[in-house]
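Q: Chains as they are written, first to last, in the working numbering: chain S, 34 to 293; chain Z, 34 to 293; chain A, 34 to 293; chain D, 34 to 293; chain R, 34 to 293.
One should not assume that every hint holds.
Any copy will do: because identical chains look the same in the list, a pair fits if it lies in one copy or spans two.
[Stated by the list, open to error] Here are the simulated SDA-like pairs of lysine to any residue, each with C-alpha atoms no more than 20 angstroms apart in a straight line:
1. 173 <-> 160
2. 173 <-> 183
3. 173 <-> 248
4. 173 <-> 187
5. 173 <-> 193
6. 173 <-> 245
7. 173 <-> 66
8. 173 <-> 225
9. 173 <-> 159
10. 173 <-> 244
11. 173 <-> 238
12. 173 <-> 189
13. 173 <-> 242
14. 173 <-> 158
15. 173 <-> 206
16. 173 <-> 247
17. 173 <-> 234
18. 173 <-> 110
19. 173 <-> 185
Derived by calculation from the structure, the hints in this document are not laboratory data.
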Amino acid sequence: MAESYERIEGVEVGQYVGYRFFAVDPAWRRLPVEERMAGKEAFADVVDEFAGRMEGLRAYSTVGVRPDADLFLWTITERYDDLLELGAALNGTPLGAWLTVPHSYLGTTKPSVYTDKKRIRQGRIAPRNAPYLIVYPFVKVRPWYFLSFEERAAAMREHAEIGARFVTITNHTTYSFGIDDQEFIPAFEAEEPADFMHLMMTLRESEASRWTERDTPIFVGKLVDVRDALDALDGATTELPGAASLYTAPDGTRYPAPSR
Amino acid sequence: MAESYERIEGVEVGQYVGYRFFAVDPAWRRLPVEERMAGKEAFADVVDEFAGRMEGLRAYSTVGVRPDADLFLWTITERYDDLLELGAALNGTPLGAWLTVPHSYLGTTKPSVYTDKKRIRQGRIAPRNAPYLIVYPFVKVRPWYFLSFEERAAAMREHAEIGARFVTITNHTTYSFGIDDQEFIPAFEAEEPADFMHLMMTLRESEASRWTERDTPIFVGKLVDVRDALDALDGATTELPGAASLYTAPDGTRYPAPSR
Amino acid sequence: MAESYERIEGVEVGQYVGYRFFAVDPAWRRLPVEERMAGKEAFADVVDEFAGRMEGLRAYSTVGVRPDADLFLWTITERYDDLLELGAALNGTPLGAWLTVPHSYLGTTKPSVYTDKKRIRQGRIAPRNAPYLIVYPFVKVRPWYFLSFEERAAAMREHAEIGARFVTITNHTTYSFGIDDQEFIPAFEAEEPADFMHLMMTLRESEASRWTERDTPIFVGKLVDVRDALDALDGATTELPGAASLYTAPDGTRYPAPSR
Amino acid sequence: MAESYERIEGVEVGQYVGYRFFAVDPAWRRLPVEERMAGKEAFADVVDEFAGRMEGLRAYSTVGVRPDADLFLWTITERYDDLLELGAALNGTPLGAWLTVPHSYLGTTKPSVYTDKKRIRQGRIAPRNAPYLIVYPFVKVRPWYFLSFEERAAAMREHAEIGARFVTITNHTTYSFGIDDQEFIPAFEAEEPADFMHLMMTLRESEASRWTERDTPIFVGKLVDVRDALDALDGATTELPGAASLYTAPDGTRYPAPSR
Amino acid sequence: MAESYERIEGVEVGQYVGYRFFAVDPAWRRLPVEERMAGKEAFADVVDEFAGRMEGLRAYSTVGVRPDADLFLWTITERYDDLLELGAALNGTPLGAWLTVPHSYLGTTKPSVYTDKKRIRQGRIAPRNAPYLIVYPFVKVRPWYFLSFEERAAAMREHAEIGARFVTITNHTTYSFGIDDQEFIPAFEAEEPADFMHLMMTLRESEASRWTERDTPIFVGKLVDVRDALDALDGATTELPGAASLYTAPDGTRYPAPSR
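Just chain S, same shape as in the assembly (with noise of 0.2 angstroms):
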């Protein structure tokens, strides 16, 4: 390791990448429908407004699948602190005083100011509106990072190329190290969640495999209209159709899922 780091100006920007699970507290569904209504209406407000200056703000809905969460939302900005301010914009909503977050993944594609130019590729994160996202935090075991250079990209190509052959699934991973309790971020666009589980399955016979210390919980969420997901929450709606007619824009127009 005795290469030297300086201090580069006018690197690439890259992003901040935010996985954030809601889950509602059941009493909240005692509530009058109108009281219902208006907080949800409020907490999609103010989701259309970021999503308006964020790079990307989609919706997923777990309802009926995972036990611990009703929906999570997959932020991608270049600043931080947009994760903060929608956080706390989140928290002045009606329906913001009667959910949980049981789990919260950060990531980033950011390059390193300092030299290390080899380490990171990284591109940046452009999702496709896939129907299913599949994400969960990761960690390898500490052994990996003492295998040789040689050993260890030998095993990403084999692992990359098992990814390859299954053609409806897109990788979006990023980088986790010190900054939450993972290291990566897998996150994976799929059509279908079977064709994703037959690709790990496949994977596990990988020698990339070996090496995992930890890659669960793992989360199926379904695109949809945040709207959706928030009216699946007290049953108002038990449809939850695609991304076929996803958001709708401040002044009212419906959209299809922002890419900027």
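Based on these hints, arrange chains Z, A, D and R on the given structure of chain S.
A: Same frame as chain S, but now just chains Z, A, D and R:
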């Protein structure tokens, strides 16, 4: 790992299988009896309705035995979004405002849309309405996946041979790799819980048992009419008769448990 | 593992054994004293009623010692569904609306309905109403099950010999493989908790101790009339006399602890 | 293990030692001040009363430092049931309706009623009312118990020699094998928490340290009048003077901490 | 370990360092806005008051990022009891009746009062008011402590050299052996969270990294005026400006963060 994968059209559909566990807030028991009755009835109606559009939807009671759950639903469906829609519909019932979900497991028998034919020979899940169902999440240690195919096949053959001798026990295991926190969800129908205890004690000495990473929590449920499972929540019934008179169809007809 | 199994009719019946732990919501203590008294009385009446139809149903207090439970019930019955029915009946009492169940353990002494005769020589559980009961869930490490029969027999013989020297301690271990999260539920009646401490400290150096995976949480309960266990929940009594005057029969007769 | 055990009458009595941790429901702080005062007074009166019949009963504050507990009681008594009776009596106070018990540890110094004389040389626990008490549950890895007696004695001798150099720190370790979830409860009186930090850091390199399985959570408590510990719960006092004026006797006399 | 220890008088005083994390009960957000404002103001007043008598007391917001905490206080003081007194004072504010403390860490830089001079060269903690603070509890595997002094020194030298290249990151690690559940509390001030991610990713391959037992949960906090951290709890502000105008003194003067 040189074989190549290509997308297959028109493969058999397969199933998603969910186990969703519910616990009632003890405070619910303080509500007036009419309010409780209405809440249970609405919940049961949703179950009945969805039982009519899924391949299987059964209720199992764990009252008085498990510490963490009062009942669970076993859902079998070809369509993933059915699980979300059932969840949303249950959220819309008055009882849904008093329930928590301490556990929820998702598995599938859907075949790969890619060629890997050898790997998936999973048949369809077809319950036989035995009085008890034992279910648990299962994870193998990673080195298992690096044994040779022959070693693994021999271990699983021994495992299956032992299981086959316990003729009253039916296996309904499904796959969860990458879509939930376990790898498999073993599930077994049995005539009597103690029979399954003897099967598992016998299997402890089988080769496959060596490679277990996690196989808890273990749930023993009794197959009952969902109305009986709900009436056990507040002691409205203290009898839990078995599968003889299961489910009320939307038109009011009561019929044995659905087994399409 | 070549021996073949076939179903045996008419084997001895055996028992299901449950340990169900209760903790009261502290807010219950804020209710009017009459309401608390009525709730406790209804709970005790259910226990009395079921004590009359089970092989054994005893109450143990853990008040002031365990952090997670206030009392537990030790139930012994030939019929699994008795456990469910007792659970439903307790849910129907006013106190049931303020209780949580932090732990609940299920074991059995039922013999296999298949031939494997050598394996099961478990006798029936017959409590002797000693003042204290120590109970905990127990899991062995998997390699234990791959020792030779002789190695395991020798280890268990040494273990039993040490136990036998502590003549005031009675062992009531049951089997939980596949029907609960542990493999065994060791349970010991003792005259004094410290006696059992010395037994366990002595056993730490025995061969069998090497193969322990998990043996906690450990509960020390004092055998009391269920009414005393309940009165300790809100300080209605601060005395917890022992087994001298246990249980009120449905006809009002008070008699020593049931020991059928 | 050939020596034989026989019951000994008239052995020295010894002690049970309990550490019981309390956390107050934040909602309690919303009650009228008079109601809070009455609740604290009743709690303190129970502590005073039991301090008069036990060998030791001291209160320690962890306010502002631990996340999980606000205060704890250190109880020393010859009679196990004193712990239950104290628990029941505290349940009967108005404050008991707002307290939870996140942790509770049970140890003993009672000698064996069987002959194994070499094993137990544990003296009685005699607190010296130092300003701080550090306490934690402790479990050794099982292979420790299979070292030779000489190896273990040498390790413990080194351990004790290091401890002895920290002359301001007094050790009050008790035994929990089989009666609680740990094997030992080390407890240390100290003049200043940092002194104990240096002792533990020094011990990290001692042989005995190699054999540690678990030694957390670690609690640092400050010895205070129980009334001060309770007044810190709602900020009625923000001063926590030490042991100078401890405990009010049932007759109203205030006296230094009991040290019988 | 033959060197002898003797008490040293007049050693340098050193510091206790606390990190105390707070989460607000979502139900607090349902209170009238005036009540919330008064609660926040009282909490901030206590922080201001104690900031005037401690060496350091800063507020960091984790809103919108961590799942388990909304803000934390970083306290630096020579006197242990200051931590208790601050805790009691915050308990006395109306907001204290709605806060829980999911985590709280205690470290120290106090030197030993015994001679072991080589061991402690820890300087004083002197924050520089960088916009972000990353903090986490840290435990090494026990075998680390049995490496030779030279091996450990070499590993720590490499570790420090890598850290030194990230010139924008300042290390404030303190010691917790025996006084909290971790051994160290690493804490780092940084200009940007992603910078720290790159430092930690780089360190993964350093020798010291091999010996890590636990280094989570990891918190990234933004240094803000405590009033802004509190206003983010209910969305009273959705802006979280940094360290420019920190803290209001008891006399109402606003001044940059204390850094005595």
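Q: The structure should be examined with respect to each hint, and the outcome stated for every one.
A: Do the hints match the structure? See the list:
no.: 1; hint: 173 <-> 160; result: neither (25 angstroms within a copy, 33 angstroms between copies)
no.: 2; hint: 173 <-> 183; result: within (17 angstroms within a copy, 28 angstroms between copies)
no.: 3; hint: 173 <-> 248; result: both (9 angstroms within a copy, 14 angstroms between copies)
no.: 4; hint: 173 <-> 187; result: within (16 angstroms within a copy, 25 angstroms between copies)
no.: 5; hint: 173 <-> 193; result: within (17 angstroms within a copy, 23 angstroms between copies)
no.: 6; hint: 173 <-> 245; result: both (5 angstroms within a copy, 13 angstroms between copies)
no.: 7; hint: 173 <-> 66; result: neither (46 angstroms within a copy, 46 angstroms between copies)
no.: 8; hint: 173 <-> 225; result: neither (27 angstroms within a copy, 25 angstroms between copies)
no.: 9; hint: 173 <-> 159; result: neither (25 angstroms within a copy, 34 angstroms between copies)
no.: 10; hint: 173 <-> 244; result: both (6 angstroms within a copy, 14 angstroms between copies)
no.: 11; hint: 173 <-> 238; result: both (16 angstroms within a copy, 12 angstroms between copies)
no.: 12; hint: 173 <-> 189; result: within (13 angstroms within a copy, 22 angstroms between copies)
no.: 13; hint: 173 <-> 242; result: both (9 angstroms within a copy, 13 angstroms between copies)
no.: 14; hint: 173 <-> 158; result: neither (22 angstroms within a copy, 33 angstroms between copies)
no.: 15; hint: 173 <-> 206; result: within (14 angstroms within a copy, 25 angstroms between copies)
no.: 16; hint: 173 <-> 247; result: both (7 angstroms within a copy, 13 angstroms between copies)
no.: 17; hint: 173 <-> 234; result: both (18 angstroms within a copy, 12 angstroms between copies)
no.: 18; hint: 173 <-> 110; result: neither (26 angstroms within a copy, 35 angstroms between copies)
no.: 19; hint: 173 <-> 185; result: within (12 angstroms within a copy, 24 angstroms between copies)
When the structure is compared with the earlier hints, violations turn up for hints 1, 7, 8, 9, 14 and 18 and for no others.
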